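Engineer: Here is how the chains run, residue by residue.
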Amino acid sequence: MICHLYPEPSYFIFSSDVPELLYYSHIPTAIISLLIGIFILTRGPKILINQILFGISSLFAIWTFINLVAWVNIESNTILFLWSLFGILFGLISILCISFIYVFVNKRALPSSIKTVFILLLLPIFLFAASDLNLKGFNISDCDAFGFEGVLYSAYYTLLGIVAMIWIFFIIMLAYRKTDSVSKRKILYMGMGIELFLFSFFVIIFLASYLSGLGVLKDSSIEMYGLFGMLIFMGFLSHNIVEFKTFNVGLIASQALVIALIALVASQFFFVDTSTAFALTAITTFLAIGFGFFLVKSVKREVKQREQIEQLASGLEQANDQLKVLDKMKSEFVSIASHQLRSPLTAIRGYSSMLLEGSFGPLPQKAKEAIDHINESSRFMASSVEDYLNVSRIQAGNMKYEYSDFNVCDLASRVADDTRAVALKKGLLLTFKSDMHKKGIVHADIGKTRQVIDNLINNSLKYTPKGSINILVYDDVKQKKVFVDVSDTGIGMNPRTLDNMFGKFERASNANEVNVTGTGLGLYIARKMAREMGGDVYATSEGEGKGSTFTIELPLMM
Amino acid sequence: MHLKKYFFIYILIILASLSVGASFYRFVILNDYIVEYEGECDPRFNSCFIGCSDESCTNTYYYSKIKREATELLSKCGNNILECESAESCQEDSGSSCITNYCEPSETETECSDLQREPTQSTEEIEIINEI
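Sequence lines, in order, name chains A and B. The first sequence begins at 1 in our numbering and counts up by one. The second sequence begins at 1 in our numbering and counts up by one.
These aren't lab readings, by the way, just hints derived from the structure by calculation. Be aware that one or more of the hints could be misleading.
As the list claims (entries may be wrong) - In silico DSS-like pairs for lysine-lysine, Cα to Cα no more than 25 Å straight-line:
1) A:Lys115 - B:Lys5
2) B:Lys5 - A:Lys46
3) B:Lys4 - A:Lys115
4) B:Lys76 - A:Lys218
5) B:Lys4 - A:Lys46
6) A:Lys218 - B:Lys65
7) B:Lys76 - A:Lys136
8) A:Lys136 - B:Lys67
For clarity, every value in this text was computed on a predicted model and none was experimentally measured.
Just need the whole structure built from these sequences, with the hints factored in.
Structural biologist: Shown next as structure tokens:
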């Protein structure tokens with residue numbers, strides 16, 4: 001039966017006697033949601049969340065399409081049949097929205113118990129869709145069925161939408177508490193989008209239908225505003241795609257958005273009524289297509305570049321990981337090798353000392369000189385082995401520190417006394433001074449602190465051909481720190497050398513001119529040890545040939 | 001494995017298809033529904049609804065609301081009731097489900113026509129006049 005008071009539509013969906021907003025609210029929203037759904041599905045057809053999103057967008061597009069046909073059609077049979085499907089689509093969209101958020105948040109499929117609950121919730125909708133509880137009749141004069149809709153049935157599927165909103169809210173809240181800040185934002189945006197969509201889709205459309213049925217509203221045209229909820233959801237979804245690369249869509253998302261934008265502009269054609277408006281809409285559409293084309297092209301280029309950079313970064317990360325493994329292996333090798341070297345060296349040093357002391361009888365002068373040379377070389381070798389061992393311990397994190405309170409000023413004085421003889425042998429003057437306001441008690445490993453001071457004095461001894469080495473201990477009560485300065489009149493350093501001085505195996509460019517035996521590990525070890533004890537080691541120099549000052553800094557106990 | 005994985009989806013598709021099929025059968029094949037439309041009404045004998053023929057409502061007309069089975073109406077008038085005399089009012093052969101509703105000022109906010117019948121006329125007389 002046809003509604004004789006209304007004009008017959010052309011091509012099933014076009015009619016002159018419908019609200020102007022109808023095509024604008026229905027066609028672009030359906031196209032946008034369907035496009036994004038299809039694009040996301042094509043990107044990963046086997047991924048569950050993509051399938052669910054496609055389900056939501058296609059069901060929404062179907063709902064929008066049949067709603068549009070119901071609006072413009074004048075055939076009672078067709079309108080009633082389509083009208084009866086609204087409840088089914090509402091129900092399916094509700095449970096898909098819950099499923100979508102559940103899978104998005106938990107990254108796993110829904111358990112069977114929830115699926116069973118879904119079927120039970122949907123069962124009344126399916127069972128009574130074709131009954132009088134849903135639709136009883138049709139008003140030919142108004143060409144609608146608002147007066148014949150069952151309130152109980154429409155209230156049920158609207159309630160299902162509200163239940164979905166509450167359910168989604170709890171899923172989001174639970175996940176929001178447990179997750180990190182980036183995921184929190186992702187979940188929040190997605191949750192807000194889907195909640196707004198459900199609110200506008202269910203509540204506005206139900207109110208429009210209910211109030212029209214009561215005769216409060218002249219027609220249900222306000223339901224058209226409910227559809228814009230999908231655009232809000234798609235907006236939040238696109239934001240997540242762009243910012244967090246959700247769904248891994250990238251370029252496709254920008255293409256979909258451009259097409260959607262063109263569809264929005266082109267939909268203005270449905271309600272232009274003057275030739276000027278038609279021309280302006282045509283120009284705007286043409287410009288949107290042109291700019292859209294260039295936009296997609298530029299995004300494509302940018303995405304490609306970003307992908308290349310990401311590939312490079314990933315390659316570098318892998319190389320770095322491999323290097324770390326190699327470095328660890330090297331340290332282990334050095335550690336094993338050093339341990340193997342230390343035992344025979346101890347024997348060499350012990351026996352050479354005994355020979356020099358005359359434990360095995362008097363030796364000729366030439367033999368004494370040779371054994372002295374052996375003793376000196378083995379001492380240096382033992383020191384080098386100790387350095388290698390220390391480095392491998394530091395890198396492996398196995399260096400052990402035994403903390404106690406001691407006077408660092410006294411310790412530095414003792415180290416200075418012990419090394420003075422070596423300095424004098426080299427023709428160098430070694431002085432010690434202190435300028436303390438407090439006692440100079442520190443809480444650190446006394447053995448390691450001694451080693452740090454020793455390393456710095458030995459370093460100065462190695463690179464000072466003539467002049468003096470001056471040790472100064474002083475404190476700064478305000479900063480609560482004690483400092484040990486080891487200044488020399490040695491070869492000095494340029495700024496570039498100063499920057500690299502504390503790296504592994506680093507030696508000054510002019511180091512070989514005065515000393516060829518350094519390993520380049522002493523300063524590295526000294527700094528690492530000092531930092532581990534809450535202090536630091538640093539160096540200053542006015543330039544090459546102008547001497548250097550190495551400073552040990554340790555926290556002072558007040 | 002495939003069946004187990006998509007069992008829930010298959011159940012939904014089957015239920016939804018059955019439901020859609022049932023709706024199609026009822027509304028499109030059987031035409032099993034009620035239709036409501038504007039029937040004739042004489043303001044001299046009945047309280048009629050007043051309708052507007054144009055947007056500014058300068059031209060008005062009187063009508064009653066008729067509710068009847070779609071199948072019954074279709075069998076008499078076909079798809080278009082505009083030129084169908086049987087559709088204008090409920091008659092003896094219209095079936096028991098055919099109901100004519102007149103305007104009740106107390107029940108509706110719509111404007112109703114003033115009843116211009118003679119004070120002496122009984123309800124039975126009005127019905128006889130209507131039939132004539």
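Engineer: With reference to the structure, classify each hint as holding or not holding.
Structural biologist: Checked hints:
With a CA separation close to 12 Å, the supplied pair Lys115 of chain A and Lys5 of chain B stays within the 25 Å bound. Our distance criterion of 25 Å between C-alpha atoms is met by Lys5 of chain B and Lys46 of chain A, whose separation comes to about 12 Å. For the proposed pair Lys4 of chain B and Lys115 of chain A, the alpha carbon gap of about 13 Å is at most 25 Å, so the pair holds. Restraint check for Lys76 of chain B and Lys218 of chain A: not satisfied, since their Cα atoms lie roughly 31 Å apart, outside the 25 Å limit.
Annotation: proposed proximity of Lys4 of chain B to Lys46 of chain A holds, straight-line Cα distance about 16 Å (limit 25 Å). Our distance criterion of 25 Å between C-alpha atoms is met by Lys218 of chain A and Lys65 of chain B, whose separation comes to about 18 Å. Proposed proximity of Lys76 of chain B and Lys136 of chain A is supported: the alpha carbons are some 21 Å apart, at most 25 Å. For the hint linking Lys136 of chain A to Lys67 of chain B, the alpha-carbon distance of about 11 Å falls within 25 Å, and the restraint holds.
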